[in-house]
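K.L.:
Chains as they are written, first to last, in the numbering used here: chain A, 65 to 210; chain B, 65 to 210; chain C, 65 to 210; chain D, 65 to 210; chain E, 65 to 210; chain F, 65 to 210; chain G, 65 to 210; chain H, 65 to 210.
None of these hints come from the bench; they were simulated from the model.
Small disclaimer: the values here were computed from a predicted structure and weren't measured.
No residue lacks a Cβ here, since even glycine has one placed at the ideal position from N, Cα and C.
Some hints could be false.
Computed footprint of chain A on chain D; a stretch qualifies when at least three of its residues, placed anywhere within it, have a C-beta under 8 Å from a C-beta of chain A [to be verified]:
1) 88-94
2) 123-134
3) 182-194
There are 8 protein chains.
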Amino acid sequence: MDLTVYLAGEIHSDWRDKIQSLAAEKDLPLTFVSPQTNHDLSDDIGENILGEQPNKYYRDDAASGINNLRTQVLMNKADVVIALFGEEYKQWNTAMDATTAINNGKPLILVRPEKLIHPLKEISEKANVVTSSVEQAVEVLAYIYK
Amino acid sequence: MDLTVYLAGEIHSDWRDKIQSLAAEKDLPLTFVSPQTNHDLSDDIGENILGEQPNKYYRDDAASGINNLRTQVLMNKADVVIALFGEEYKQWNTAMDATTAINNGKPLILVRPEKLIHPLKEISEKANVVTSSVEQAVEVLAYIYK
Amino acid sequence: MDLTVYLAGEIHSDWRDKIQSLAAEKDLPLTFVSPQTNHDLSDDIGENILGEQPNKYYRDDAASGINNLRTQVLMNKADVVIALFGEEYKQWNTAMDATTAINNGKPLILVRPEKLIHPLKEISEKANVVTSSVEQAVEVLAYIYK
Amino acid sequence: MDLTVYLAGEIHSDWRDKIQSLAAEKDLPLTFVSPQTNHDLSDDIGENILGEQPNKYYRDDAASGINNLRTQVLMNKADVVIALFGEEYKQWNTAMDATTAINNGKPLILVRPEKLIHPLKEISEKANVVTSSVEQAVEVLAYIYK
Amino acid sequence: MDLTVYLAGEIHSDWRDKIQSLAAEKDLPLTFVSPQTNHDLSDDIGENILGEQPNKYYRDDAASGINNLRTQVLMNKADVVIALFGEEYKQWNTAMDATTAINNGKPLILVRPEKLIHPLKEISEKANVVTSSVEQAVEVLAYIYK
Amino acid sequence: MDLTVYLAGEIHSDWRDKIQSLAAEKDLPLTFVSPQTNHDLSDDIGENILGEQPNKYYRDDAASGINNLRTQVLMNKADVVIALFGEEYKQWNTAMDATTAINNGKPLILVRPEKLIHPLKEISEKANVVTSSVEQAVEVLAYIYK
Amino acid sequence: MDLTVYLAGEIHSDWRDKIQSLAAEKDLPLTFVSPQTNHDLSDDIGENILGEQPNKYYRDDAASGINNLRTQVLMNKADVVIALFGEEYKQWNTAMDATTAINNGKPLILVRPEKLIHPLKEISEKANVVTSSVEQAVEVLAYIYK
Amino acid sequence: MDLTVYLAGEIHSDWRDKIQSLAAEKDLPLTFVSPQTNHDLSDDIGENILGEQPNKYYRDDAASGINNLRTQVLMNKADVVIALFGEEYKQWNTAMDATTAINNGKPLILVRPEKLIHPLKEISEKANVVTSSVEQAVEVLAYIYK
Numbered sequence: 065m066d067l068t069v070y071l072a073g074e075i076h077s078d079w080r081d082k083i084q085s086l087a088a089e090k091d092l093p094l095t096f097v098s099p100q101t102n103h104d105l106s107d108d109i110g111e112n113i114l115g116e117q118p119n120k121y122y123r124d125d126a127a128s129g130i131n132n133l134r135t136q137v138l139m140n141k142a143d144v145v146i147a148l149f150g151e152e153y154k155q156w157n158t159a160m161d162a163t164t165a166i167n168n169g170k171p172l173i174l175v176r177p178e179k180l181i182h183p184l185k186e187i188s189e190k191a192n193v194v195t196s197s198v199e200q201a202v203e204v205l206a207y208i209y210k
Numbered sequence: 065m066d067l068t069v070y071l072a073g074e075i076h077s078d079w080r081d082k083i084q085s086l087a088a089e090k091d092l093p094l095t096f097v098s099p100q101t102n103h104d105l106s107d108d109i110g111e112n113i114l115g116e117q118p119n120k121y122y123r124d125d126a127a128s129g130i131n132n133l134r135t136q137v138l139m140n141k142a143d144v145v146i147a148l149f150g151e152e153y154k155q156w157n158t159a160m161d162a163t164t165a166i167n168n169g170k171p172l173i174l175v176r177p178e179k180l181i182h183p184l185k186e187i188s189e190k191a192n193v194v195t196s197s198v199e200q201a202v203e204v205l206a207y208i209y210k
Numbered sequence: 065m066d067l068t069v070y071l072a073g074e075i076h077s078d079w080r081d082k083i084q085s086l087a088a089e090k091d092l093p094l095t096f097v098s099p100q101t102n103h104d105l106s107d108d109i110g111e112n113i114l115g116e117q118p119n120k121y122y123r124d125d126a127a128s129g130i131n132n133l134r135t136q137v138l139m140n141k142a143d144v145v146i147a148l149f150g151e152e153y154k155q156w157n158t159a160m161d162a163t164t165a166i167n168n169g170k171p172l173i174l175v176r177p178e179k180l181i182h183p184l185k186e187i188s189e190k191a192n193v194v195t196s197s198v199e200q201a202v203e204v205l206a207y208i209y210k
Numbered sequence: 065m066d067l068t069v070y071l072a073g074e075i076h077s078d079w080r081d082k083i084q085s086l087a088a089e090k091d092l093p094l095t096f097v098s099p100q101t102n103h104d105l106s107d108d109i110g111e112n113i114l115g116e117q118p119n120k121y122y123r124d125d126a127a128s129g130i131n132n133l134r135t136q137v138l139m140n141k142a143d144v145v146i147a148l149f150g151e152e153y154k155q156w157n158t159a160m161d162a163t164t165a166i167n168n169g170k171p172l173i174l175v176r177p178e179k180l181i182h183p184l185k186e187i188s189e190k191a192n193v194v195t196s197s198v199e200q201a202v203e204v205l206a207y208i209y210k
Numbered sequence: 065m066d067l068t069v070y071l072a073g074e075i076h077s078d079w080r081d082k083i084q085s086l087a088a089e090k091d092l093p094l095t096f097v098s099p100q101t102n103h104d105l106s107d108d109i110g111e112n113i114l115g116e117q118p119n120k121y122y123r124d125d126a127a128s129g130i131n132n133l134r135t136q137v138l139m140n141k142a143d144v145v146i147a148l149f150g151e152e153y154k155q156w157n158t159a160m161d162a163t164t165a166i167n168n169g170k171p172l173i174l175v176r177p178e179k180l181i182h183p184l185k186e187i188s189e190k191a192n193v194v195t196s197s198v199e200q201a202v203e204v205l206a207y208i209y210k
Numbered sequence: 065m066d067l068t069v070y071l072a073g074e075i076h077s078d079w080r081d082k083i084q085s086l087a088a089e090k091d092l093p094l095t096f097v098s099p100q101t102n103h104d105l106s107d108d109i110g111e112n113i114l115g116e117q118p119n120k121y122y123r124d125d126a127a128s129g130i131n132n133l134r135t136q137v138l139m140n141k142a143d144v145v146i147a148l149f150g151e152e153y154k155q156w157n158t159a160m161d162a163t164t165a166i167n168n169g170k171p172l173i174l175v176r177p178e179k180l181i182h183p184l185k186e187i188s189e190k191a192n193v194v195t196s197s198v199e200q201a202v203e204v205l206a207y208i209y210k
Numbered sequence: 065m066d067l068t069v070y071l072a073g074e075i076h077s078d079w080r081d082k083i084q085s086l087a088a089e090k091d092l093p094l095t096f097v098s099p100q101t102n103h104d105l106s107d108d109i110g111e112n113i114l115g116e117q118p119n120k121y122y123r124d125d126a127a128s129g130i131n132n133l134r135t136q137v138l139m140n141k142a143d144v145v146i147a148l149f150g151e152e153y154k155q156w157n158t159a160m161d162a163t164t165a166i167n168n169g170k171p172l173i174l175v176r177p178e179k180l181i182h183p184l185k186e187i188s189e190k191a192n193v194v195t196s197s198v199e200q201a202v203e204v205l206a207y208i209y210k
Numbered sequence: 065m066d067l068t069v070y071l072a073g074e075i076h077s078d079w080r081d082k083i084q085s086l087a088a089e090k091d092l093p094l095t096f097v098s099p100q101t102n103h104d105l106s107d108d109i110g111e112n113i114l115g116e117q118p119n120k121y122y123r124d125d126a127a128s129g130i131n132n133l134r135t136q137v138l139m140n141k142a143d144v145v146i147a148l149f150g151e152e153y154k155q156w157n158t159a160m161d162a163t164t165a166i167n168n169g170k171p172l173i174l175v176r177p178e179k180l181i182h183p184l185k186e187i188s189e190k191a192n193v194v195t196s197s198v199e200q201a202v203e204v205l206a207y208i209y210k
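So that you can see chain A by itself, here it is in the shape it has in the complex (with noise of 0.2 Å):
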C-alpha cells in the first residue's frame, strides 16, 4: 500500500534527507512532499512571479499566497503528516501545517526536541505520536507496514 507523507516543519536542517533515507533504508513505499525548502524561494517567490510589491509586508502576503497555494495542494495528496519543530524561529506555519492535518483527520507524527515539550504541549496533545527523533518518526512509518 503506497502512502504519501507530507513532512511540515523547520526548513534549515536536513532531517528530511534522512527520513528519506532511513524510509529507503526499510523499503517503505511512501512518497514525501513537503513545503518549500529553499528558505530564499520561499521569501522570493511572490515578488519573483507577481513583481516587486510596494512594501516588506506585500511582498511577504505575496510570496504566502503562492507558498499556502503550494501547500493546500500537497496535504490534499497526504496520507500521514510529520511536523517537526526545530529550536529556532517561531515557525507558526509549522503549528498551522500541524493543526490543519489534525482537523482534516490526517494521521499527525509531532517531532520536537525535549526543550520544546510545554510550548507545544497543546498541540502535542492532539497529534496521534510525538517523538524526540526523527528516526522514531520512520520506525512509526514503519509500524503501519508490521
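Using the hints provided, position chains B, C, D, E, F, G and H relative to the given structure of chain A.
P.N.:
Positioned in the frame of chain A, the structure of chains B, C, D, E, F, G and H alone reads:
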C-alpha cells in the same frame, strides 16, 4: 505527482492553449480540464439533446443543466482551479466556478486584467493567488513541483 | 418559526427596503441581514480601519477582507438567501454569495430582470427559485409559512 | 444579532479587557470567551484534577488535555475568532486556535505587532483581516453591525 | 428540551393532526413542521407566483422548485423526521425527504402499512425505526423524554 | 479521464445493456456499476446468506441490509449517477439512490417516461438533467468528453 | 453560557445523580441528558411499542433501533460528552457513544476505574480527558467556566 | 473493481486468514488490511519506539497512540469494514473501529457469535449486515461482484 487542473473562465480567447503549451514546455505532469469552450455548442446543447424548448428561458435552462453536470464531474476531479476573467461579458459562471473551488477547499489561482481589480476584489481576496497573466499562473503551477 | 434571510446583491436601489416592508405587511417573522449597502463605506472600510494602503489594489484588498468577514458572519446565520442581480455592474460578489449559499445547503431565491436570463443561466439553474421581481421573492418567503 | 467572539492568544497582557471595554462603549451585543487566562491555573490544572503526574512531560500532557477540551467547547460556540500574537513566547496554541478557526469556517481577525509580519505571513494570508491593534479589531467587529 | 419534528409524507389523510393531538395529550414539547399539505396549492404555487408556464412540465418544475425550497428550510430546522407512506400514489417526494433525513444524520421514523413492507424494504432498513401506525410513532417520540 | 457511472433504477428491462452498448459505440471510457439486477437474487440474498428468517418482514429486512451495503460500496465509487424510473412499481429504492446522489454531490441524470413527470417533479427539480430516453442520457455522458 | 452534557455509560449505579448534584452545588449552568437508564424499559421498548417479535434477536433489534434514535437526538444536542465505564458488562454501546462523540467533534471526558486502563487504552487515547472518578469529571466541567 | 477491506476485531484466532483464503478461492479482487494482530507487538510498540514509560498507564498510552495512527491510516483507505467480536475480552477497540466505520459512511459487516447478540444490539442495529460466521461475511463481499 500528477495533478488535474480545471481551467474556468473566458471561452473566446486561446488562453487555455497558452497555458497548456507553457506547461508542456516545462514538462509539468498536469491534466487540464475545462468547461465547454465551444460557445455555440454550450448554448445549443440543451435543445440538441432534449429537443426544442418552449422559449429562450427554457432553452437556456436546458443547456445550463447539462453544462453544470459536466462542470461538476470535472471540478470534482480537479486538484487546482485556475479562473480567468476577461474584459468583456458578465462571466457569472466563471465567478460561480471560482467560488465553488474556494468553498470546496480546491486551491484557486485567479487571473484578471488590471482594470477588473475593483469589481473582482471580494473574490480575489478569497483566491489563493491573483495574477494578471497566464504566464504567471503557469509559474505558480510550476512552483508546486520545485 | 423565526428565520434569518440574507439579502445579497445590488446596493444602488432600494429593493431591500421593499422586501422588508412587504414582509412586514404580511407579518412574516423574518430577520433580514445584508452585505454593507453603503457603497462608499464598503470601499473605504479597509483604509478607514487599517490606514492608507500603498495603491488602489491594496486599498481594495484591505476593504474586501473586512467585507468578506462581515458577509461570512451574517451568511453563517442565514436560513435563506435572496440574491438580486441588477442591470448594471459586474456584481461578482453577488455571484459569489449566491454560489456560497448553493454550496452550503442554504436555499436560494435568485431575482433578476429578464434581460439577464442568458448570462445568469448556470447560476439560475442551481438556484431553488428564480423570480423577476422582489414581490415574487417575498411571496416565496410567505409560502414557507402557509 | 448577538454574536460570540473567541479571543485566542497571549495571556500576559490585558488586551482582552481592552477589547471588552471598547465593545461595551460601542454597545456591541457580543459575548466574549477565551482560553484559560490564568497562566498558573492553566499549567496546574492537570495535576489539580488528576493528581501528581510522573514527570514534567506528563504534567503538561494532563494539563493540555483539559485546556484543549475547554477550548473546543468554547470555540464550537464562537461566531468570530480574534487571535492576538504578542512579541514574546512561541504561542503555538494561538497558532493552533487561529488555524482551527480557518479550517472550521469561523471568520478570523489576526492581531500582531509589525515586527511579527514575516514569521506570521502564512497564517496572516489565510486570516480574513490582519490588524496591528486591538482597537482596529474592535472596529472590524463594529462594522458587522453597520 | 424542545424538539422540532418534520412530518414528511402523505397529504390526503389527517395523520398529521392525529400525531399533533396525541403529542399534545402527552404534553410533549414538540414543534411540528411539514411539506405543503394543501395539494392544490402545492401544485399551483409555481404559476401562482411566477405566472403561467408554457406547458405542464414547466408548470410542475416551477411548483417543485418552490416546494423544495420550503422543504429545505424546514428540514434544516428538524431534529427528528417522521415519514409516512400511504397505500396510494408514488410518493417519491416522501422517499426523497426520508432519504435526505438519513443522509443528513437526522433520526428517521418511517410509518407504513404492512402491505408496503416489500417495496419499502431498502429505505426501511436505513430508517431508525419502522412502525405501522402513527400511534406507535408518537410513542417513539415520547420515549425520547422518558 | 475514466469515470464510473452508477445505473440506479428499474431492473426488469434491458436499459442498462442499451446504455453500455451506446457508450461502447462512442468509445466513452466509462465503467458501469449498478444495484443487483437479478430480482430473485436480490430478494433471496438475505436468506441465502443468513438462513431462513422468521417471517416475510425479516426476510426482506435481511435482504435489504445486504443490498444496501452493496449499493453503498458502489455508489461511493461513482462519479455520475443515472436513475431510470419505469412505468410500473413503486421504485422507492431508485428514489433513495437518486436522492443520495443529490445529497452527496454526485451529478445525477434522471430518466423517466413523460407520464411520470408529475409524481417525480420534486426529485426531477433537484436532478442535474432530466431526460425521457436512455439515448439522451448517453448523449449527456458523451458531452462530458466533448 | 448554558451547555448540554450527554452522560453515556453504565446504567446500574447512581453516578449520573452524583454528577448532577455536584454540578448543582457548583451552580454550573448545565443540562444533562443520557441514554435510557431504566434497564428493563430499555430492553422492552421494542416490543412495548412494536408488539411481540419472533425471537430474542428481533426483540433486541427492535429495542435497539428505538434506543439508537433516542441517543442520536440527544447526542446531536450535546456540547460535551462524559462516558463512564464500570467494572462489569461489555458496555459496547458506551464505547459506541464515546466514539461517536470523538468522530463528531464533541469533546469527550472518559471515566473508568484503574483496572480498565489496558482494555480501554485505544479509546482513552482519543478522549480529551480520562479521569478515574466522577468528581474529577465534574471538576473538568467546572473548569470550562473558570 | 478493486476494493480494500479493513478487518477490525479479535486478534487471537485465525479468522483473518480464513477470510483471505475464502476470498482467494472466489477470486475476489480484494486487498485486506487490519489492526496490528501481533498482540505483544501491539502492547510493546510504544516503549519499543519511544523508550520506557513511567508506569503502565503511560506505557499503554504510548502504545495506543501509535496503534491509533496505524488504524486511522488504513481505515481511511478502506471501502468496506468487517468487525469481528469474539467471546472473550472487552474488545472496545473493535467497537471503536466499527463505530468509526458507521460514522464515516464506510459499509460495515459485523460478525459475532449468537451469545453476544444482546450486548452488541445497539452497534448491530447500525451495522449494514450482521453475520454469525466469517463464511457469511465473505459471501456478502462476493455479492458485491455478482
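K.L.:
Using C-beta distances, would you say chain A covers the region 182-194 of chain D, given that this needs three or more residues below 8 Å?
P.N.:
holds (count 9)
K.L.:
Can you confirm whether chain A covers the region 88-94 of chain D, using C-beta to C-beta distances below 8 Å and requiring at least three such residues?
P.N.:
violated (count 0)
K.L.:
Examine the region 123-134 of chain D for residues whose CB is less than 8 Å from any CB of chain A, and state whether their number is three or more.
P.N.:
holds (count 7)
This entry does not satisfy hint 1, going by the numbered hints stated previously; all others are met.
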